[in-house]
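Enquirer: So you can see what is in the structure, the chains are spelled out below.
Number of protein chains: 2
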Amino acid sequence: MHRFFIGADSFAGDQVTVGGATAGQITRVLRLKPGDRVVFLDNSGWEYETEIERIQRDTVAGRIVRKSLGAAEPAIHITLCQALIKADKIEFVIQKCTELGVKTFQPFGCARCVATMPSDEKMTRWQAIIREAAEQCGRSILPVLQPPVHFEDLCRPSVVASMILWERERTHGLSKLLANAPFLGATVLRVIVGPEGGFTEKEIGHARNAGIVPIGLGKRVLRTETAGLAAVSAIMFERGELG
Amino acid sequence: MHRFFIGADSFAGDQVTVGGATAGQITRVLRLKPGDRVVFLDNSGWEYETEIERIQRDTVAGRIVRKSLGAAEPAIHITLCQALIKADKIEFVIQKCTELGVKTFQPFGCARCVATMPSDEKMTRWQAIIREAAEQCGRSILPVLQPPVHFEDLCRPSVVASMILWERERTHGLSKLLANAPFLGATVLRVIVGPEGGFTEKEIGHARNAGIVPIGLGKRVLRTETAGLAAVSAIMFERGELG
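If you read the sequences in order, they're chains A and B.
Per the numbering used here, the first sequence runs over residues 1 to 243.
Per the numbering used here, the second sequence runs over residues 244 to 486.
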């Protein structure tokens, strides 16, 4: 069943009314008809199975036939701090990691970033990618896209267990990290992934001072857009969130 | 240090001579000079650190200064059987899974494949993607790209422990699968990933009859190009190959 995140103001009792792009998607792209059912989501975690009743001009109205709590949100809250990288790569990371269950995206700039701080248009585009991926994979809460920050901001004192992926870290790996405090059983985690050119020694030093643990991802050097995905997949797997 | 897979006929004693695209890459793209070092690979698992000695027209000649066994190959042999999917997606899967350590790619066609059987040009392009990714991530043996087959061919009797990713499988997951025979400790594994539209019930039935285990990857429905990556990441992690 097709899923759509819509505004809370679209709901009134058991009635749902949507316009704009969502209505266009339902009528013109999917060509749904009265009697067909969709799932509407208000980003609260609830899912509203809704039967379409009326389609008028650019408005679709329906009646909620079932309300249930979404089951696809992972128990662990992973924040993926992703350095600004080339547009197609960061979009890829955002899309895939939404599917994999990341709950917060925190873009950041650092010394070796070639990509510039994203414009408002770009942030809107990333939001749209998150939304589409979240709808497609069955999530019931939209991952949050934080405004971009600088690397130093990530190194502020924090109680959140944080790791930074570093291709030159040969001693500490993900397996051991996840098996020990403060990562063991942590319900909130941060994974920090660098740009194409990697982190500087100085940045890794900063991170260490802030209690952020540099870890390697094995013997093969993963591209930045692969590294975050692999780390998130592995953490989700370790937590029983990947089947 | 830059790495290049080259033909075995480029080696003569401690001398290496390359022409063609590799020479062009070294001289015109990377602008390396005599005295610079690169790593040549003959796809045997050995790495040959080589000092460039002469650059003539379209030929680069050098002397091997160190020979060592590559350390980046994983101990586990994963064959990724990937249904034919849209060009950009399959290229993405091939690139990323080469980085992650897949040793064999087996493209296949099945009932819901929209993409057609790849032309020779496409196979050559995929080979190039494998090679480039393998060089970049530090591998010393090129993953093998098998000629495409049909789904039925994957269901022939085989002693290789095989799983098929199926979004409708809710009972069996990856964690339990990997913790039990024949997957537990297996040195050779097959992961079968379907097309955008998924597998048919009939195909899953065929697979089951052939001893291939359908598994789910958790509560979120992953796109086909995400599923293979996530599964390979998880398996590599479970085997200690992801740090």
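Keep in mind the hints are simulated off the structure, nothing from the lab.
In this text, all values refer to a predicted model and were calculated from it rather than measured experimentally.
Backbone N, C-alpha and C fix where the C-beta goes; we use that ideal spot for every residue, glycine too.
Hints may be right or wrong, so weigh each one.
What the hints assert, rightly or not - Partial pick of chain A residues on the chain B-facing surface, computed with a CB cut under 8 Å:
(1) S68
(2) A72
(3) K96
(4) G101
(5) E135
(6) G138
(7) R139
(8) P147
(9) V213
(10) I215
(11) L217
(12) R220
(13) R223
(14) T226
(15) A230
(16) F237
Enquirer: For the hint on A:L217, does the least C-beta distance to chain B fall short of 8 Å?
Expert: This hint holds: A:L217 lies near chain B, its Cβ roughly 4 Å from the closest one there, short of 8 Å.
Enquirer: Please check whether A:T226 passes as an interface residue: C-beta within 8 Å of a C-beta belonging to chain B.
Expert: holds (5 Å)
Enquirer: Regarding the hint that A:K96 lies at the interface with chain B, is the smallest CB-CB distance below 8 Å?
Expert: holds (5 Å)
Enquirer: Grab the minimum C-beta distance from A:V213 to chain B and call the hint holds if it beats 8 Å, violated otherwise.
Expert: Result: violated, 12 Å to nearest chain B Cβ.
Enquirer: Classify the hint on A:P147 as holds or violated, based on whether any CB of chain B lies nearer than 8 Å to its CB.
Expert: The hint is violated - A:P147 has no Cβ within 8 Å of chain B, the shortest such distance being about 26 Å.
Enquirer: Quick one, is the A:R223 hint okay against chain B at 8 Å, beta carbons?
Expert: A:R223 check passes; min Cβ-Cβ to chain B is 6 Å, inside 8 Å.
Enquirer: Does the interface hint hold: is A:I215 within less than 8 Å of chain B, judged Cβ to Cβ?
Expert: holds (6 Å)
Enquirer: Closer than 8 Å between Cβ atoms is the bar; does A:F237 clear it against chain B? Give me holds or violated.
Expert: Since chain B brings a Cβ to about 4 Å from A:F237, closer than 8 Å, the hint holds.
Enquirer: Does A:E135 hold up as a contact with chain B if the rule is Cβ-Cβ below 8 Å?
Expert: violated (11 Å)
Enquirer: At a threshold of 8 Å, is the proposed contact between A:G138 and chain B supported by beta-carbon distances?
Expert: With Cβ-Cβ at 5 Å, under 8 Å, it holds.
Enquirer: Is the hint on A:A72 kept, meaning its closest Cβ partner in chain B is under 8 Å away?
Expert: The hint holds - A:A72 has a Cβ within 8 Å of chain B, the shortest such distance being about 4 Å.
Enquirer: So, as I understand it, the hint says A:G101 touches chain B; can you test that by seeing if any CB pair is closer than 8 Å?
Expert: holds (6 Å)
Of the numbered hints given earlier, the model fails hints 1, 5, 8 and 9; all others are met.
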